[in-house]
Every structure is written in structure tokens, then in C-alpha cells.
Amino acid sequence: MDRALGLDTLQEALGTHPESERPLPTAEQLQELLGNTEARLFLNQQVLPDDLLRTAWYLHGVASADTAATDYTPARQRRAFAVSAHIFDLASLSDERPDADRLKFAFAAEVGYHRSEAEPNAMAVARRLDALIRTDVDLLDHWSTLAVQAGVALLGLEPARLHTRLSEWRRQLRRLAATIGVDDLTTTMFGPTFCVVEGVDSLMRFLTRGDRDELNRARERFIIAVTVPEGRGDHNARWVAAHLRFLSDEMDAGSVWTLLPPGIPNSARQAFTLTTPPVLTLWQPQRELLVNTSTEPDSEERKNAGSGQAGSALDPSVRRLVLSVPTSSGKTLLAQLLMVAHLATASTGVCYVTPLRSLGREVHRSLARRLRIMAREVAREEPDFGLPEELAMVLGTLGGNSPAITGVTEASVQPDVAIMTPERLALALREDASAVLDRFGLFVFDEAHLIGERSRGFLLESILALLHWRTRDTDHRIALLSAAMGNAGQLVSWLDVEGGARLLESQWRGPRRLHAIFSTDIDWTSRKVETVAARGAQAHLTRRLRYPTYGVVRLRPAEHQPLTVRTTEAIGETCFRTRADGISGRQAEPSQSTSFYRMLAHVVRYVAHAGPVLVIRSTRRDAMHMAEAVAENLPDREAARPLADLARARLGAEHPLVSVLAKGVAYHHAGLPVELQEAIEEGIRDDALQFLVATSTLTEGVNLPVRTVVLAAIPYEGQPPDQQLVGARLINAMGRAGRATRESEGWIILARAAAPSSTDFDLLEPDEIDLQVRSRLADEAALEAVAAFEDALRAGEDAIVAAQGALADFVSYLWFVLAAEEDLERVGEAADPAGAFAATLAYTQLDPNTRERFERVVLAISDAYVASAPERRRWWARAGTSIASARLLDDLAGEIVAAVLAVSDTEVSELADPLPAVSLLERVSVFQRLLQLSEAPRQRVQVDPAELIRRWMAGQSLPQIADALLVDIPDDSLRIELLVDTVRDFCEYYLSWTLGALLDQVNSRLAKANVPDERRLCPQLPVFVRHGVASAEAIDLLTSGLRSRELAYRISEAARSEKTGLDDMRPWLGRMGLAGWRQRFAATAADLLDLLEYCRTRGANVLRQLLSDGVVTVTVDLIQKSPTSEEEPYAAHGRSSGNNEESQDTGADSGAGDPAFVRPVPGDPRPAPLAVFLADSTMDAPVAGIPASLHAEIQAVLDTGLDIDCHLAGNQLTLRLVKEIPE
Amino acid sequence: MVLPFVHTLFGDRQRPNPEEHARGWVAEFIWFRIAAEMHVHPERVLRSLEGPSFHATEPGGDGLAIWQRTNDAVLTFCLWEIKNHVGISALSDTVSRAYQQLDTRATEYLAKFTAVQAVARVDPEVDEVYARLVDLWVDNSDRSGAGVAVATHAQLAPSRCFSTMHNHFPGRTGPGQLEGIVVAIADFVTFTRDVRERVWTAL
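Order-wise, the sequence lines are chains A and B. Going by the numbering used here, the residue at position 209 of the first sequence is 209; the numbering climbs one at a time, nothing skipped. Going by the numbering used here, the residue at position 35 of the second sequence is 35; the numbering climbs one at a time, nothing skipped.
Bear in mind the hints are in silico, worked out from the structure with no lab data behind them. Among the hints, erroneous ones may be present.
Per the computed footprint, the stretches of chain B lying under chain A, defined by three or more beta-carbons under 8 Å from a beta-carbon of chain A, are [what the hints assert, rightly or not]:
| id | stretch |
| --- | --- |
| 1 | 3-14 |
| 2 | 43-53 |
| 3 | 92-98 |
| 4 | 128-135 |
| 5 | 187-194 |
Source: prediction; values computed, not measured. We put the beta carbon where it would ideally sit given N, CA and C, even for glycine.
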């Protein structure tokens, strides 16, 4: 429910008025007018009553008034801005109105949104009206709206785009001044417009670069625009200028230049303002984070808000932070602010933890862009399992530091941020907890509500508890983020350390929401009767009655009473069987009726007029069928063709996903290859796809905003609780509706296959209880496990081995704590397992009696630990499994050691290779025995694990493996799905984990027994099993951001055939360039971006150097002018691009050479290569190419929108920052 | 040198703006001169006058006059809609259209001036009126007035005009709350063309 349109808000905005003949609408009438307008928008009817517009301008007038001259309260003015913005936003939608009117409405809406703290909606309005911002017409032909255009464009806060426009407008205005014969236009009738454009330019310079002289210049320009006598007749320009004058102050106050604490260097601010997406002003929750996170309204901190760092959550004294803010409120940016501020002021790194791998990748990409400007790096992705040395060994980078801690990367560049899953962090902690704490000073846990998740919840809790416990007396900081924590206050209490914990809780979000319920309505007055030849039990039911069935949507904008709309035509049939009289014995006949989901598909297709649609279904089958129903009768969609091609290549032409993708429809679930899942997510984000049908697993964490979310997940019996669409899942699913900065409204449609009820809308309000984050140790199953543990103790049995479920995880946690204590030489009574228990969330949530029972469990674990052999007990902690499984693995390791020792000397060299290693393990029946451990995933299909691993590491495609191993499953879709499940559960997860633990123990024992080094069992095997390749080159690519395993395999094979070693991979690939990658490896657009990032010269810092020194010189690849050459003219020619970082300098003779500019090569598919063109040449052909190793760096420079002056001298390209644009 | 200024109002000989625009601008300018000349009046004194927009095609609200009543020193305002009438239709149709536009677009015009004045601040008394313009208007305060001016051919000038204005603005019953001006020029079309020609001679 959108509270901005609640009656109280409307009443306060409207104020009270005497009776009159032409009154304003009352609050109730205004709400109804708005509700009706919203409902018409749902139906794609853009009609706005004059009364609504008249009221909007009234409210705009009230809101804009000089507060010193009226008795309007700031609260009323703020609400008046909010309500008027909403109306103007709706008014600007209508393309039947003149452009000039729509621009005015847009600007008024943007101002209202900005001044009522709904900035993302202002940005959305600007994006929608983008086509009306013109630079392709003569100035005098549109100067009546130019100031409004400039205002609209400014408030869109897209600096690069605005910069291009301002450059052109300013050039035109200078030409006009020259025509008139004046130095500038200020004191002419064009003065207000001229001053607005100049002021906008200055304000944008301030926002992007923090130059306060420019801010003051902007303020002066806006005041002159309002007051210059010669311009009094330019009413609109003066109106725009007046608002921008106020907004300059507000944007200053909300900018990173003002809000980030003074001790943070400017490069940290530029990391936000000069990278993509640019962050020029912060939103309300972010401002709260930086100014004051106290929830006490009268606290000293709140009173001190704005005075430097007082109350800022960035203050190092805030050691624990819980951020509970909705989706679309800039939660990701909150995390980035924390991380960047930490890196800028502390000497330690940041560990960002998310249980969701695809979220981790997304955060990696966005954060890497920001950090680059600070000359900082994000560590490469490491597998969740497999011990840390393995990856380093594969890549030959094992050095002094543990790679799990440093992140494995080029020796010269130390990564500052590591992005990990909880499993990865747990592994690193088990390996060396002290090293983790030495390396990282800030731990950020995203999606923290997943503590309550059944399968992985306690792992997350135990990591947090361990870190919390170990850092009670240190400066380490821990931050929890979530959009769905009903008891955030309790989590703050849990993590509080001497009052150093803070809570930031906000309900703020940008796009408003419209709720709707879809149901069907049978037309009982109209039917068709058929006679059927019935048999069997229904032989007496010889009549079939077909009733047309309509779709009904009940809409509820704000607190308005629901409005009902009905489809104009039937969207299906509902059938019944009766006896011959057509009345008696009536029975529903679902098999002949139109399925509910097929009728829903009509509505799904309909609402796509407003933007992309996400449909949530309960099962994978449901998702696939829904996607097929939506795709019916849709034409092919050109933008989706690359995705369909990718799916065809990865899944085979017959897979059902291919045909729906071609029409812009996708389905998405865990049974699809990860590469394809991510491509589909990207397809929705960039509008290549219009429809996405997914299971509820997608809605957690992934940044996937859409215009409309359709909740069509019908619960089924036996559905796992973690998959039901309630609580946090419901919040997260609904949170996808409305793309912040792209649209100001999102729609949520709940599909109900039941009779309409007045309480239907309540289903869109999650129960408070479902939003409580509860420890898994506090649930019924854990208490039963405690009882069983106690029984086992009483019976004198081995309770440690008998522990089940979350209690087994708890035992592992305590065991690990005891091992870590032992590392610090604290054993027996010197150890503090009770303290580690007290650090859990469970401890704060259990009642005293249960807590005492757990304390007895802790004692029992301690006793068992002390009673175990020291060497073995410490390894059990390291294994990461339950203690029972660790013991079995330990025993199994002994058998493998014996098998390794039995290998003849002539064959021993093969042990280091993955395939012979698999064969040896197979001989000891390792795989079968691993599958019997309690941690083993459920097998949905029987597959020989060794055979699967061989094919997987050999780089075979999923269809190839599926065809070979799942030959008995005829359904193409199901075959692939089962294989993807199996590969994910076993290769990527379980086997790489347990093999990692096992081989670590095997090789340790061999080393301790002084067995020669050559007799070791392939230590890299777990990494190869995880990634499905068997070469260091492919692993290097995959852990450096390349998403496609098959592409990594192809490239590594090519590298090997050309004898290119790991060290030469980057220059070798870089020389091929984008064209070469397309041609040789059939790389997709996403692959190309990944490869550009892979080839990027680490630590090149082109943008950093440009900003700090004002100039930078790079070496480019001159194009060999050979008329006979058919090679791409802008591809690198290998003459100079090898080590570009060495050729960078500060440009002592910069400025020499020919004026030039850099841009993507026109006509090339995206991402196009960047090339250098001569400015004064009439030839539209590039003279040099930007090497692939510098592509990302130079693109980052172009993305800033800064004025850059380029000169090319030989193969040296000099880029220089310029203050003023050239004439 | 003056081309850009002339261009925006009248176009040039090669690409003249529509005559309707030129007539509209001339009508507004005439009203502006008349209003300025009437700055001293036995019952009120003109404190501020917002002239016509440079962009004559913008409908609704063309002029704003802020007065100070002499009897009680209270500041009032009158919002003007200015039209020209040259066609064969009845002048009353033009006047009715003016009433309607004034009614629907008044809050827009006034709100914009409120925003401008919040920055332009001149003197506290005038600022107070600007700040409250929309409230005074929608509440039919006796401090708010509506005015319609029409420029036309002398032969089309009616003997009675604005007789139904009170029906369109029923709440404004106080003295000076409704005003109307008819500007009769012998041949308004020719006059406008003459103005335009004289301006073009400066090119």
C-alpha cells in the first residue's frame, strides 16, 4: 500500500479551505481521482482529468512558496510536493499532449520527487521523457523549452548523457551570442535560458567532481536567471531556475561530497560519482547511514546530524551494524558506501559475504568498477569448496600468504575486497581464522535473513557467531544487510558490543506500488452444450456444458477501495458434465476447461505494455508451462535472438527454452546452467526479454527489478518450507516490482484461483511472524535433536556421532571453536566454548531451560574433544563436515594413502594428473562411500560419479553429457535439468568439497610420512571438479570472471595448441581483440565483456591518474594502412600493446600531436572496440585501436562524462582533463 | 544582430511565424502597456506587474498585476488572460474561451510565479502575495481577481462585453475582482502586420 497517497497525506497537502463555488477536490475525491487514473493506466489509457492537473499546480504552488512569507509548514510543503509529483508524473505519460506540456509536467514531477525524498522517481521521469530532450534541432526552434529540457535532463542525474547535451547546447548558445554580438547572453532576452544551461553545467561539474566554485557559480547563475530584467518574459526558464536554485542546496546536502565524512579522500567520492552507475546524490536511507543511525528521535546524534561524522555509521566506533531496508532503496549502494569508506580509511580489507553466488558476481562487477578509481581491486572468485592451496597450486601462485585470505591474484596487486559465499568464508576460517582476521577489518553479510534458512542457515549463523566472538575486543566491524528482517532490533542486541551496535531500519523505497488480484469469472448466462459419448464411471454424464470465462482484475491503488476491471472478451472456458437434462449430476471437468495459468497468461501479456513482467511459479514444470503459454501467439523478438542462440548452443535446438526465448519469454530455475541463468537475468535487466517466469528461488538476492510481478505460486502439498512464498520470500518477490530510477511505479498482481474475497489483498502483507529471523537451533527439530543427544549421553553412546540436523552443525561449530582455541594453545579448561555458544543468535532466542540444555551439550562436546587424539581432532574440525563424517573421511584417507603407496614407480608420475587420480579413487570406491555420508545431496537420478567427473572435466557440453549418461530419459528438457542438478549438487558442491578435504588429508599424511613429493594425489582435482575443466588456463579464466565454462575450455585448448602458457594468456588474448574473440571462439556479448575484464591490465589506473594529474598518456595500436588487408582495421596488430601499463606516463609532452577523440567503432556490434579518430580528418576511419588490455580503463574514462582533450602523437595517446569545453 | 530576438517573436520574412502568434504577442504587449500606464488609480496603486511571456503560444494566464488598495493598504492581485479576436466568429466565443483557459490554467501560472518569487524576493509585502497566490485564487479571496483583455478590430468591438463573466467566476463578487478590457484598433490585422514589418526593417 502506498502511504504517499493515504488520506492523511492528501489532507495535509491540500490544507483546509472555505466553501466556494469552484473548490479543490477533497482528500477523498483526490484519492478517488488518482485511483481511477492509476486504474486507467493499468489499462494503458493515459487520460488525466483537468481537475487533477489544476490540483497538482495548486499543490506545486503551495510547496514552492517562500516559507518566510507564508504559514505553510515544511511538512505540508513536503507532502504537497510528493502528491503533486505523483500527478505530474501521470500527466507526463500522455503522448497526446504537446511536448512542451509534457516537459513542464516532467520537470514539476522531478522537482516534487526530489523535494519529497523520492529521487529515484525523478530519475525515472527523466529517462521516460528522454526522447523530448533535443540537441538535433536549431536552438531558436526550441528555445522556449530549452531551459525546461535542461532541468529535466539534470534531474535525471546521468552525467555522461547530460554532458553530451550540454556541450551541444552551450556551443549553440555561444554561436547565438556571437551572432548577436555579445560576449554572453545573460543580459538579453535569452538570459534566463542561457543562465539555466550554464548553471546546470556548473552544478553537474560540482556533483561529479566536487568543485565548490562550480556549485557557487551554479547558484549565482540560477539567481541571475530569475532576476535579470531583460529576461522577465521567459517565465518557464525563470521557474526552472528558481527550483534549481533550491535544489542546488539540497543536492549539495545530499551529495557524497558533503555527506561522506571529511577524513575520506576524494578518490572514494569519485568512486561513486564518476563510475557506472553514477551516484551523485544519496537517497534517504543512505543519508541516514551517513548522518545518523540512531532510532531515537531525540538522541544527541540526531541533533548533531550533519555536523561532520557525528552519528555516522561509517565511524569506526560503530563496530556492529544492522541495515534493514527494502529492495529498491539502494541497499547495494549502502554496502558499497560502507566498503569504500572502510578501504579509504583503514589498513585492512573487506570481506563481503552472500549466500547467493549470482549476487556475489553482480556485486563483484559493480564494486570492481568503483574500486578501480581508487586503484583498488576485488579478489578473483574462489570456489566454495576445495582447500585454499588448491587453486593457488593450479595457478602456480602459492606464495607466502594463504590465498584464501589474500585472494589469488597477480603478485603486484593486492586485492582489497574478497567476495565469498558463507561456505568459502567458513573454509578460510577453518584454515586459519587468525589470518582471516588479520586480513579483513570489515565483514559485510548480505541477505542476512537467510540465517533462518533450513539448509544453510546455521552455517551463516555460526560464522557470524565466531567472528563476533573472536572480535569482541578488536576493531573489526560486522554489518548485516537484508530487506526482510522482522526482528532487526533483536539482531542488533545479539551483536552488540559495549553499545557499539547500530540499527538502520527504513521502509523508504522509490517506486510506489499498485496491488492487484487476478481471478476468473464464469459467465453463467451463456453456454454451449455438447453431447458426448461417455463411458465408464461417467457414462451417465452425456452432456458437456462450456461456459465462457473472463478475467477479472481488482486493483487497489493506495488506500483506495478496489476497482474492478474485467476482460472484454472471454479468455477461456470452464466445462462441466451433466446428465442428459443438462442440469442434474453436474461435475466439473478440468481436463476440458482452460487451465487457470493459461488464462493468467492473457493478463501477463497485457501488462507488458508498461514494462517487463516477472511471474513467480511454484515448480520448475509450472514455470516452463507458464512461459510457453505466455509465448503463444507472440511474434519473434529481435532483441532476444542472441539469448535464443546461446540457449540453442548450450542446450540443443530442441530444448523448450529456445523457442520461448526467441519470443522474448524466458523461464528460470536452478535446473538451468548457471551461465544461462545469468544471461537470462541480464536479458531482463537490459530489456532484451519482456517476460520471465521463475520459481521463487530467483527472487532472493538477485538484482532483478521489473515493472510487474505476478505471484502465481500455488502452494502444493509437501512443498519445502524454504520454497513457500511467505515471509522474506514474499517480501523479496514483491520487492522486484518497480525498477528504481527507471519507473516510478511497480505493479504486483496476485493470481487467485478462488472466489474473490475481501481479504485477498491481505495476502500481500506478510505475517510478522514469518519475517522473524530465527536461529535454526531454536526450532522444534533442533530441540528434538538435543533430546536425542541427551538420550545418547545417558545411554553412554557416542552422542557426537549421533547428532543430527542443525545440532550436528552446532557440534561442528563448537568442535571448530575448540580447535581454533587449541591453535592459540587454549585446551581443556583454558578454552572458552561457552563463550562461543553465548555468541550465537540461538543463545539470545532460547528460553533459559533450553539454553541450559545446550550448555550441557557444549560440555559434552568439550569432553569429547579433549578425549580425541590431538592430530585427528584438529583435522576433523578442518574438514567442514559433521564430526561423524569427518571421522569416516579420515579413515577413508588412510585407505587412499595405502592405494597411493601401492602405485608402481613407473606409474607414479600419473598421480598428479586428474584423470588417473579419479581412476585411483574409483578403485578404492571413494565415490560410492562419499555418497553415503549424511551430507551427500539427494540423487534425483543415478549416475556413475567417476564417469560424470571425467566427462565434466573434459569440457563436454551439458547436452553431450546428458545424452551419454541419461540416455533413458527421453524428455530433452528434463534430461538437461537433471544433469544440471547433478553437476551442481555433486561436482560443483559436494564432491569438490569432500574431495578437497580428503585429498588434503591424504597428501598431508604422505608428506608427514616423508614420502617423496612426486607421490602425491592430484591436489588440484577438487578445483577441476568444481569448474568442469582440467587445465590451469581454463581455471584462470573462470576464476577471473569468465562465466562460460565452454568458452574457457575452448580458449584454453587454443592456448595450449599455440604453446601459450598461463603467464602469457592475457597478452595473447589481448592481441586478438574483440573481433578475434568473436571469430575464433564464437564469443557472445557477455563473453566479450568478461574477456575484456580478464585482459584488463591490473593496476593500470588510467582514470585514477587522469583525475589526480589531469593528464595521462597510453600506448595505442596504430592501424597499418594496408589496402589489401582484410583484417579488422581497428584490431590490435601486436606491435605495441603487450605491456601497456609500462608505457603509461604522466605525459610530459602531452598536448603535442594531432587532436583526436576516442569512441566505439561505428557499426560494430556491442561491445564495439574502442578506436582513436583524428578530430580534423574528414575520414570516418580510425587511425589507432585501443588495446583490449586498456579497453575497460578507457571506457571507464568515457563513462565519466568528463571533458577530455585527446592528442595522438605516434602511438602515444594523451588524454587531458579540460575545464571548459573547446570552442 | 537583432535577428534572434525578432526571430523568436515574429520569425523572419522567409520563415514568418504564424500571424496568430504575432497578433497574440501584440495583444499582450498592448495590454502590458495599458496596465503599466494605469499604475496609479484613485482606489489602488500598482505594486508589481508581470508582463507577457516571450513565448506567445503558451495558453492560460498572460499577465499578473499586484495592487495595493488605497483604503486599507491590503495587497491584491489580478490574473489576466489576453486574447485577440479577428475572425468571423462572435467575440463572445473568444471571451468565453479566455474565461475557460483562465479557470483551468490559473493555478499553473500562479504556482510558477510563486516559485520564482521565492528566489526573486523583492519586498516582504509583495512576497507575501506571491507566496499565497494559489490559495488566494482557489479560495476566491477578495484579494484575488480575474481579468480578460481582448484586442480586436474596431468594427468588431461590442457595445457590451464581459456581461457573463460573473457566471464563470462566481465566487469573485467583490469590487475589482473581475476586470475586462477591450482594445479596439481600426484594423488589428493590418496593425499587427505593420508592427511586424517595422520590426523586420531592423534586420
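Comparing the hints with the structure gives:
Residues of the stretch 3-14 of chain B lying with their CB closer than 8 Å to a CB of chain A number 5, which satisfies the three-residue condition for coverage. With 4 residues carrying a beta carbon less than 8 Å from a beta carbon of chain A, the stretch 43-53 of chain B meets the three-residue requirement, and the given coverage holds. Figure legend: the stretch 92-98 of chain B, annotated as covered by chain A; annotation inconsistent (0 residues with Cβ-Cβ distances under 8 Å, at least 3 required). Coverage of the stretch 128-135 of chain B by chain A holds [criterion: at least 3 residues with CB-CB distance below 8 Å; count 7].
Coverage of the stretch 187-194 of chain B by chain A is violated [criterion: at least 3 residues with CB-CB distance below 8 Å; count 0].
Hint check: violations occur at hints 3 and 5; the rest are consistent with the structure.
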